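**Q** From the two separate chains plus the hints, produce the assembled complex.
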Amino acid sequence: MTETEVFMQQVIYGLSNGMIIAMVALGYTMVYGIVELINFAHGDVFTLGGFLALTIVGALGAAAVLDPGTLGEGSHWLLLFGLVIGAGLFCGGLNVAIDRIVYKPLRRAPKLTQLVAAIGVSFILVNLALFWGGAPMEVFGGGNAAAASKDFPELLEGSNLLGEESNVVLRLEDLAIFIVTIPLMVGLTLFVKKTRLGRGMRATAQNPIAAKLMGIDTDRVIAATFMIGGFLGGAASVMWSVYNNTISFQMGFRAGMDAFTAAVLGGIGSLPGAMIGGVLIGLIRAMSDQYIETRWTNVVVFGVLILILVFRPSGLLGLKQREKV
Amino acid sequence: MSIATGRGFSLFSRGQLAVLALLAATPLIDLAFPSLQLSAPMRTVVTSAIMALGLNIVVGWTGLLNLGIAAFAAIGAYAFGILTCEIYPFQVGFWWGVVLAGAFGAFGGWLLGAPTLRLRGDYLAIVTLGFGEIVQDGLKNLEAITKGTQGINPLPAPSLGGMPFSGETPVRWFYVYLAFLAVIVFLCRNLEFSRLGRQWFAVREDELAARCMAIEPDKAKLKAFAIGAALAAIAGALGASLLSSTGEPANYDFQVSILALCIVIVGGIGSITGILVGAIVMVGLNNVVLPIATQAMQRAGIGSTGNVLSSPDNYKYLIFGLALVLMMRYRPDGIVHSRKAVRK
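Residue numbers (this note's numbering), protein chains in the order written: chain A, 1 to 325; chain B, 1 to 344.
So that you can see chain B by itself, here it is in the shape it has in the complex (with noise of 0.2 Å):
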């Protein structure tokens, strides 16, 4: 394995192996404490670096507010739900199932984006949250295609080899995540350094001037949303099989894009390691943190149940709006500076 120190062709920066590392080690903070039950949550935590991961493609390395993106992954959910549900004549199974979520993925980015990428940034969000709306709404009333609230299930859980997947194996799951995770992370980074990286950085440091180096701003946004929207989509499609259902539409609504959001902003904009330290953060803060210290509360019988004060799942919003706010005001840059971020 080659530590890549610059450009040119590399597996993962160091930052990169370092937090791949730690989320492939933490399988063991489960045989030390097993109460914890680590490996069913952290896989949600991969499916969302997945998902920021994509959503920084086009806020952190284009500059577009996308404040949609949980749209995609409901795309890719429902692709993925359609064709491989038992239901449906297609069955083209769990790998299949998640390499054609991208691909429709792909094209529900490129269908948004092209009419509506020529806009001013501030609008660009809000056309973007609209989108999101509409395709929750879509979603949930053509009931005779996607089950509307039911959601879509049986869904496949990925088949390795004749090895059996289900809630019992975990850990097997995990690591088979975790390899889409890097294989994605291994994508980006080399996307980040090629030509068409470099076409994005130059269109959100200067329009104008990218123009003048023969750059196509159109072109080049075009393909930020429709390469976001495709690792959205596959990072819905993975979600939608752990849960062996696409869920409800309401599962994928304006919460889930502000959560990849702050993943972006908390962990570092435009930082690929930032953004799986910020994943780390933020959905272990959501999924691990809060969930434990609610039981924790309960079983010693602190605060009645009635009490909205005392539960601590209902600090979330809080949580996630105070993040934005104190990133935005004191660290704009995250956690992790991108050493390509340039403050205007």
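Chain A on its own, in the form it takes in the complex (with noise of 0.2 Å):
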């Protein structure tokens, strides 16, 4: 491989990676926009859309499925849709749950308050993930290492798109993660700009109350802005677990720290800012997996977190804001 074609395979891995990591970072700005919280259980809650979406795969027999005879030759794309779907709804639900059982009567609690509750509901979480490992199926290893990562079913062939003398490989994994998370991206800013919910939301971030006084029925807005961050947590999660193949009950706390990176890189509350930080952080990792040394690419990214929130806490599309006395 020359030096360009181990540049463009990192870039193709980078972009793959940092569309679903911009999914993930989308549910922090969006609620961090709205409520002013670091949901720290949202990686968690992608944690279990992954464990959903094999359950649901070990439920239906990876195999019986994937026959084309079954269900024609698009079957793989059908799963596949489903799964997001699925695992988006579960996730959306999950979170507007936690909202309303933990966080709303936190509403107007100190800010570390809040946020010292959404670290407890992410130990929740991961247990509760931890237990969901066990169960006894066979997908999970027939329930007897709980704690184990478990082997997520390749669901899409592996066939190299860009030819098979190309030394750069574009899979249908990578794929099949712009198709499915740029309509969700773009179908998200469509809703914010253009529906009456979405410009609550947009209204409820600028002030709540000016908002409330305006008629708007913020506490839906609230609910609606958890159930979206939920909803492309879990579609992130399926993606992340079909390009992977593998999960574990602790994967939401990487995938949650590189996402919260990467909206904070955007600069926390901006949508566009959150996919920017997203494909960024992506980069980043796969820059850093390739040129520096694998082991050291969670220091890095930590390190850029550290440095924005020092130099740049408003981060790349955030607006300066003075905090209020």
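Some hints here could point you the wrong way.
[What the hints assert, rightly or not] BS3-like, lysine-lysine: derived pairs with alpha carbons at most 30 Å apart:
1) A/K212 with A/K193
2) B/K219 with A/K111
3) A/K212 with A/K104
4) B/K223 with B/K140
5) B/K316 with A/K111
6) A/K194 with A/K104
7) A/K104 with B/K316
8) B/K140 with A/K111
9) A/K212 with A/K111
10) A/K193 with A/K104
FYI, nobody ran anything at the bench for these hints, they're computed from the structure. Remember, it's a predicted structure, so these values are computed and weren't measured experimentally.
**A** Laid out in structure tokens, this is it:
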């Protein structure tokens, strides 16, 4: 492989992973924009989405579903979209439930109280994922090693789309990520820009009290925000599982930290910021894997996070705001 | 021994004295029920309490959320390891090792705090979390110095007038650690009412008002960070001596930071007595009750070992998480109310 080819390959990896990170980052940034809470549990909601997807695949029997005889040629795409929607709705619903049960009663409490509660929720979800990993199903290893990583079956064929001779590999999984994530992001942007509820979201983010005075049902807006954020996280978890072919009960911590870094890099509260930040973090990770060393990549990402927070806490696209006294 | 009733010089408050006395009495339980072997895990209660007291200075008194306190315990443990282990040229011995570990911890706290303390509360929390991860990965990757995942070992036990300290003498060892805790409680107790302590409270309640009173919030915060980190580092050094190894870097992960945070929050944020109680409750649950319950269930033959639900050990995260959520919801001041804590 030539230097350019190596670089191009890393760009493909970076973009694919970056789009997934961006989807998770949107969940952080939307919730932060509306209720000013770092939803620490978001990464673990993402984990549970992956576990649900694996459970569905296991229940259906991946081999049977993927057999072209049963559902025709497009069966694996059908399954993929089904998983994306199923995990998305599940994670969205879970996110709304968490908000109702835990965050809502604390809405007026000091910020750190809310953050500590969110960390608590995160730990509870990690434990639920651990229990889920012990489910007596074949895909979970018969439930004998709950804490071990689980293999996620290969849903899409793995041949190189750029032709067998090409050194740079573009797999169907890479393409699938773009096919799933780009429409969702476009849809989200249109939703926030064009619909009534989207306008309500923007108003609530700017000033919740004024929004309420203008007749906006802010509780509904907040619930919708948690729903959409959770949906994107769930969709991302399916793509992540399909792409990496492995899931574990602690995967949400790293994924969540990457995504939070992306949200902050882009400017927390800004939707295009989260998308750009996600792609950038994906690229930074890929380049660090290739040109520094894989084992230092997490340090690089956290280093980036700390540097942004210290030198430009408003991020790339965020507005400079003075904290209210 | 003078018992404090108000401000001014005081050794311990009544509550602190009561809890320390309770801790001192635990070896008696061992005499009555030898099968429990409490003195060994009780040493962990003591080291965790020291770490939580350090965290309390930052979280409870100065109002800054630090999610990476375990990183300072790691710095302390590895400093202790490098300074005392026979494979390195320093070999300063147990006592100097602990003291210098504290100094290295303070330096680490200063290093992290200096550029980041101006950040908003929730951003600072995330930066400290990131620092915790960086320290862990750094220790794991710098194999030439830290031995990577093997950890540095063997490490010295305390030495006191020629008395041997080993796994066979857990009671003696426990009392040495308890003495450390007592000294640190005494220092914290007096720090609380010192000029610096009152500056911390002022900064926590209202930074702008504190500034108007000629307090420099950044300096006060930095001191809190450094002192808190020093205590965590001492706890890390004592813990490493206990294991005779620094253990692998993953032993100082986010879960450890959260355990310390649980101790502070469950026990009573800002209250020294509360934190001692919190350490007994949380670590007792984590290191005493859960293992004993696991053993008992295995002996009784309940549930197969393969089933994730049948091992009480697998409920740790759930217990920590529920503790945090429920405390925040129903009793944000903790079991023991701090006299000074003012709810906003």
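**Q** Are the hints correct? Go through all of them and say.
**A** Here's how the hints hold up against the structure:
1. Taken as a hint, the A/K212 and A/K193 pair is honoured in the structure, with Cα atoms around 19 Å apart against an allowance of 30 Å.
2. Only pairs whose Cα atoms come within 30 Å are accepted, and B/K219 paired with A/K111 is accepted, the gap being roughly 23 Å.
3. Only pairs whose Cα atoms come within 30 Å are accepted, and A/K212 paired with A/K104 is accepted, the gap being roughly 16 Å.
4. Under the criterion of a C-alpha separation no larger than 30 Å, the hint pairing B/K223 with B/K140 is consistent with the structure, at around 29 Å.
5. Proximity of B/K316 to A/K111 is assessed by CA-CA distance (about 26 Å); at most 30 Å being required, the pair is judged to hold.
6. The straight-line distance between the Cα atoms of A/K194 and A/K104 is roughly 27 Å, inside the 30 Å bound, and the hint therefore holds.
7. Under the criterion of a C-alpha separation no larger than 30 Å, the hint pairing A/K104 with B/K316 is consistent with the structure, at around 26 Å.
8. With a C-alpha separation of about 34 Å, the suggested pairing of B/K140 with A/K111 is violated against the 30 Å cut-off.
9. The hinted pair formed by A/K212 and A/K111 meets the criterion: a straight-line CA distance of about 21 Å does not exceed 30 Å.
10. Taking the CA atoms of A/K193 and A/K104, the gap is about 26 Å. The hint holds against a cut of 30 Å.
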